[in-house]
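Protein chains in written order, with numbering that gives the first Met the number 0: chain L, 0 to 99; chain C, 0 to 495; chain G, 0 to 634; chain H, 0 to 187; chain F, 0 to 508.
You can trust all of the hints, since none of them are fake.
Below are the DSS-like pairs computed for lysine-lysine, each with C-alpha atoms no more than 30 angstroms apart in a straight line:
(1) F:440 <-> G:110
(2) L:84 <-> L:98
(3) C:459 <-> C:376
(4) G:110 <-> F:369
(5) L:84 <-> C:101
(6) H:24 <-> L:84
(7) H:164 <-> L:25
(8) G:592 <-> L:98
(9) G:159 <-> F:440
(10) G:27 <-> F:369
(11) C:459 <-> F:104
Everything labelled a hint here was simulated from the structure, so no lab data went into it.
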Amino acid sequence: MIELNDYLILSGLLFTIGLVGVLRRKNLLMLFFATEVMLNAANIAFAATSHYYNDLSGQMFAFFIIAVAASEVAVGLGLLIVLYKRHGTLDLDNLASMKG
Amino acid sequence: MFEPINISFTSLNMITLAPMLIAIAGGLIILVIDLIKAELHKSLYVMLTILILFIDFGSVLGLNLNERGFFDVMLIDGIAIVSQLLILAASMLFIPLALTSKRFHEYSYPEFFALFLFMIAGFQFMVATDNLILIFVGIETASLSLYTLIALHNRNNSYEAAIKYFTMGALSAGLYAMGSAVVYALTGSVELYQIADILQSRMAEPGIMIAILGGSVLLLSAFAFKLSLFPFHTWAPDVYEGASAPLAGYMSVVPKIAAFVVAMRIFGMYIDLGIEWVRIAILVLAVTTMTLANIMALVQEDVKRMLAYSSISHAGFVMAALALDTTKGNTGIFLYYGLFMFTNLGAFTMLWISRHKNRVFHERYDHPYEKFAGLIKIMPMAAVIMALFMLSLAGVPPFSVFWGKIYIMSAAIDAGYVWLAIIMGLNSAIAAYYYLKLIVYMFLMKPEENDGTVTYNLTKPLITIVGIAVAATIGSVFIMQPLISYIYYMVSASGY
Amino acid sequence: MEKFVYIALFAPFVSSIFAALFGMSPKKTFVGVIASLLLATSFLASALLAMFVYQTGGTIHVTMMDWIGAGDLSIPFGFVVDQISVTMMTVVTLVSTVVHIYSIGYMDHDKSFNRFFSYLSAFVFSMMVLVMSDNFAGLFIGWEGVGVCSWLLIGFWYHKEDVSPEENPSISPSWAANEAFIVNRIADLAMLVGIFVLYWNTGSLQYDVVFANLPYLNQTVLTTAAIALFIGAMGKSAQFPLHTWLTDAMEGPTPVSALIHAATMVTAGVFLVIRANPLYSMPEVGEVSYFIAALGTFVAFFAASMALVNRDLKRIIAYSTLSQLGYMFAAAGLGAYWIALFHLAAHAFFKALLFLGAGNVMHAMDDELDIFKMGGLKKSMRWTYIYMGVASLALAGIPPLAGFFSKDAIIETAFNEGTIVLWAILVVTAGMTAFYSFRQVFLTFEGDERYKEFGIHPHEMYKYVLVAMSPLALLAVIAGFFQGGFQTFITSGDVMPNYAMSEHTHHLVWILGSIVLAFAVGGVLLARYKYASGLKREMKCENSFIYQLLKNQYYVPQFYAEFISKPYAMISEKMWKTVDMKIIDITVDGIAKFIYSSGDDTRKMQTGNLSNYLNWMSFGLVALLIVAAISSVIG
Amino acid sequence: MYEQIAFYLFSVLIIGLFLVTVLTKNVLYSMTSLAAGMVLIAGIFFTLGADFLGVVQLIVYVGAIMALYAFAMMFFDVTKDVKENNTNGSLIFLLGGLTALMFVIIMSAPIMSENIQALYPPMAGVTNPQAVGMVLFTKYLVPFEVAAVMLLVAMIAGIILAGKKMDQSLTTEDDVIVEIDILEEDEK
Amino acid sequence: MDNILSVLVFFPAVAGLLGFVVDKNSIRVYGISVATVEMLLAVWLWMSFDGTNAGMQFVESIPLVPDFGISYYLGVDGISIFIVIMAALMTLLGMIGMSVEKDIKNMIISLLFLEMTMIGVFVSLDAIIFYLFWELSLVPMLYIIGAWGGPLRIYASIKFFLYTFTGSLIMLVGMLFMAHLYHGVSDGIWSFSITDWYMMVLPVNYQIWLFLAFFIGFAIKVPMFPFHTWLPYAHGQAPTIGSVILAAVLLKMGTYGFVRFSLPLFPDASVMMIEPIMVISIIMIIYAAMVAYAQEDIKQVIAYSSVSHMGVIVLGTFAMNAEAISGSIFLMLSHGIVSGALFMLVGVIYDRRHTKLMSEFGGLASVMPKYAVIFGIMLMASVGLPLTIGFVGEFLVLLGFYKVSAIGAILAGSTIVLGAVYMLTLYKRTFFGPVTNDENKKLFDLNGREMVSLVPLVIIVIWLGVYPKPILTPIDNSVKAMLSFMEDKARTPEAKERIIVSSITKEAK
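For reference, chain L alone in the conformation it holds in the complex:
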């Protein structure tokens, strides 16, 4: 029988995968992919909990997370476009003029 914990562990693992992606990605576009993974991980947890508690709040949360993800993509890509126009690259190693 699949327990809530199983879904939550899946969610946790996916979140970790997202986190690893965030950590190791140097290409900003692909880094954004990783953040999507993290949000999806949370979605799974919400949906699973919602299912097991028979409560709709979790699905609501997941729904809004999707909305947030969509908005973030719009803004993030906007920023990437501006950056790309200026620098011609999306490598975040080139993005270190401010430090110290």
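Guided by the hints, dock chains C, G, H and F onto chain L, whose structure is given.
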């Protein structure tokens, strides 16, 4: 099938939504005006924004205390009102900084002002609810606007800042979502008051503590990012440096207030539940933050970047008050930011006034210390005023930040954390050095080649803003009593 | 009579202020004249007071105003004229007046003439405060006041350069002045301690109250007070080991030496012991008193021995002063306070005369002081020769001059008290005194005229100066005859216990007197034999260890220089350069630098690279998670 | 049983696909695997009975968001392999490993509780989208509207950031030059 | 005029603000006029002061933040009034004697603000207001040292500021804790009023910790060994006027703090701390005197001598008897006058030769006799010659402390010897001997301006040395009142025994 749901309109208590709706409507109005007639001068939008915020402010004042609205999603308690008032006041004070004598990119967009208003609406939603979903959406609305506003300054550094902020913000959003998921899994609710009740009943269950703490850690990490606590603070200096001075100053106050309100709701709940671990974790984060940010600020070459570190340090200072979870400590948070706001406004306005379009004094920095060398000779008034703000930030009485500082230190002592008060004191001493450094440059150094450029950006509105900041910074002792009694009443009325 | 008290006290003060007004102007003779007149007024007032006290036997006590009042302490400016103080007042004002007049002549070529009178009168004022005060604090005012005036006057020729100690043992007037002041300060500290002890145990500093309370005090307190006050006295009276400053003080102008370093100030120590005689008479402090006597005796001998070989005219007299102070302490220590006071007075007259005579010689010899370079001066300086001869005779204790009576009484006392060792030393010292006094006189005035090879043309002092000196000469001759009267007078009040020889001593008085006289005459004759005909230097003797030892003052100054001054300077330097700058300051700066450099280290985490930032964030997350997990497992 | 199979199948596939997403050097692979993973997540939603969420996941995520990414990818011209110099792989491994471990530990805690009363249970006999609608437009109407504002913000942001006006910076250019430009435009 | 204290505090500040408008060439006269008026006000205060009343007078109390217990609460008693007058006097004379030409306007304005803060510190009876003025006084001083100082001026000024600031923040924690305790015992009323705090009897262990917190703040300001190293730098680099004010008034804030806060608030802790403080003070006295002897710079000698003398003041404060505490307060005044005058005198020679090294001088007495005379008088006052102002305080302190510890008093008494050593060496090296340096031969003596600033000090030095009663009596009254209050308040029998209002009545008991 199913019956239509009947809900009486009055039970929705729509008035609780009024402030946010005013801000959103204002944003839309600005967008519409732009559609109807383009190329209008920024002063129009600035004034419109102020007026909208003014109405907003009025509507917040008109709210009744401790009401819920809209299916209990909206929560208008004391801290919601106080924080909204602070947010709106700060916004009204910062937005006139758009009226510079030189043209800067962002202010040529009417959308800038619309986004600004949407951002404020986002903050207002954040603070006026205890629903994790609305908090999340509010945070994101505000943050996404803020990222854009930063980028709109349209310089390489501002993109860099925006992207850094955005990326880390996305990670933080993930953490928040995940944390909420864990909390939801534990309690089956996304509303804090219910979460508190259910957690209370489940506290004793074996093996559950790790999940409770895990959830709190995820949320703490998310808010540590927002509040720029070590080691989640790394974005702050770069973002402040990349953003324009008004926005940097704004960022060091308003998002922090909003985040503190939410943090107060969430972590206050944990601490009230008797989970000491959260308190200790916050204290450790707060102490490391104020200390490390201070020592990093010591070695900065740029005033704005120094102020960025300093505001991190101030945030750590206030975070420590949050960990106390006493009414006095929570009062102190608002009091501190209320007072800090004016000084910070003044300091960043002075930077903004002295801002050049291109970097004259340093290849990287806009406001290197050298720029202010010998200011007392060139512009005595400007130097004195700037020194005033620096002294205030350093916590020299009778300037505004001092009063906040002693109130929070007193709260720490009342809560039995004398060591914390001492650390706060020592940190203030370290901090004094870098504020002093600017004073030393201004008063004790010989002027560099400097053709009166310190007032490069000066206009009457900016003078007015500086004047307000000076008056509030110096006269803060006289507004302390009403502030304290009002905030204390509000905070204690909301049960914090 | 009160107004006479004030006149006596403040006339010198007015004189000082008056002279000070002209302090920066060129020489004005009238300054000296007016100062002298004011001093004479003071003397007259003192004399009238003495008459009054003598005739009525009463004392005058005035309180001018409050000075310090704090807590229970209340110190007024109070003055008392009783037998002791009136004696001192008379002696001081008399000698001062003479010295003032003398100085008009002696200082006539000095461009700081006016300033000199200002200092000199200020000194007299301080001395008057010292002797007249009715409490210990007032005494201390005078005590310090004379110290400062002494400092000013020793360093009067401040513009002289420092030279090496080989060339001039006093290095320079300013050096000698500082030495005098500082050494005195060490003693003053002890004196303050004595005052504190008395205050905390009697609740007052008034003589009468303090003395009235003495019987109720325990031995520790009494001993501490007695010792502390005596150490104070030792400084001012230059008793061993605080004696070096006195000889160096001879750098000052000679009238100063006469007044301050012979007649008055140096006797302040003796005066203190006499004044505090109720304390020193307490049986509990008998050992202290005996120690005073022993130390006095030792110093008498010790100083005399150094005088034997010295070649410096003034230093010889200074040593003799030291030696005579030793006598006085011996008497006071043995309880014969009135004898000590009597010797003090007599000594003041003849020693001042001696110094003034030496001043005449210096004046004549272009400030040359080496008696080996003099000789045969009697031709050109007859009166001076007579004065100095008389004074030396008095000093040597040749009857019927003053010194004989007073010194003989002291030696008798030593015998009377059964302290035979002290007696013997004092007798021997009397002989040595006679020898060195006349060695000096003969080398200066008799024999070949060695000064000629240095191209000096000596001349006699001004007439009026010589006249002015005559009262001293007269007193040096006749003062001894007043011994009995003095005894009656001084012991008539209740301020001074009488001291009389026992029957036994009384019987032996002639024998004792003869022994002393024999030594004295022997000394004079020996000096005449060796030096009257001229200077015959015996190198073998001069190179002997003892001669060198004496010549180098027992190496005490060198000891002080090597083991106190230099180490002090060195430690000070170390304290500053090492402890202060290196340890404390570096620690403070080190903390600041550490904080600053840790800022430099910490800012490295701010690499600017987003990946690192994200790493930091997840590090924070992981760390918090781990800590949370651990603490939740632990509980 | 069926549920179990679906769970494990989906789990393995999602994990695998997302691992590809974060580990591959090819943007195209990365994006494709991300999209595929999201589709499978929609599958999980369906198995959990969250039909509406599953559909939204498919439409918004796979449809809209991935399409946006695809366009961006084309714009950025990163179809080739991406060079990423990871200097501290071991640190990432460590952090990732520890995070995974911690999540597993936390999520294995007895989180599920029978005592919890559902606050917003779906009404009996109502399909999931209907139930969602009921809650969304009552209780969550405010967040829903705020989300609308958020999307508006994102839209505005996307438009102005990507717009042409951003190519020229008033912030860094001297005002004089800008004014001359405007004058020239007027002449035209 | 019951609100004369407010006028005293804010008159210079208002004048300073208005000073921005005054023309540069007239600003010196403006400054001197303002300082004169302030001085006259201070004298008026003295005239209307009732010396027989030991309590607080001219009290003004306006609640500022009632919810947090902060009020604008001023008052003077015998302990503080004379320091206030001295502050006004030294500002006036310092301004007259000031030779600064560069940025004179800024200097005058800074001085006027500094005067406000100085007077404010001594009349505040609310801890927060006290702290406010205390901290605020650092700012103008920082500017004065930093802008008109010597080559190391910036280092010196920052060191001065940060050191003091750090210490006072610890003190602030102590104050907040006091308020917290008061809040606990007073039914939830907040108060930072010192007089309210006086009424509170604290447990001994609290007293000790609070004592230490206050101690750090005061000790750094005094400055006590080993926290003194900022002082030589500050003095060495500061312009003359800066050193004058610093030595005369700012240092007194620390010792005043001991009297106003530490003793009456923590009587038991103060008694327990007598021995440690005695050791520190004696180290300070002897060590600083030795270091002063080793200095090559005239100003540094006087700077270290300040440390040494402050040691005596601290020692007297903790003697716990009326003689010593009155003496120590009197010594604050006398040290203020004397060291202020000495720094002015060093300034005189520095203006002429632009060096302060002793080796550059020698024989100045011949060239500048008036200067030498005044210097000599001040020197004698500094070494504590009777009938000068320096003696009274030193005598009373040593006398009083003898009651506490004979050995301590003797060791501390070495100040009169060691003080003489370094001061006389200084005087000898500078004023005596032949004029060796040609540059010194053409030096001119004190001019009229310098005489005007120095002669009043000479008069005061002698007047108060001869007749200290008008000042000592009010001080003594207040001190006795404070001590008897402390005695009543003390909890431990040891403290009750060692606090001595009057040894006569004590024994009678």
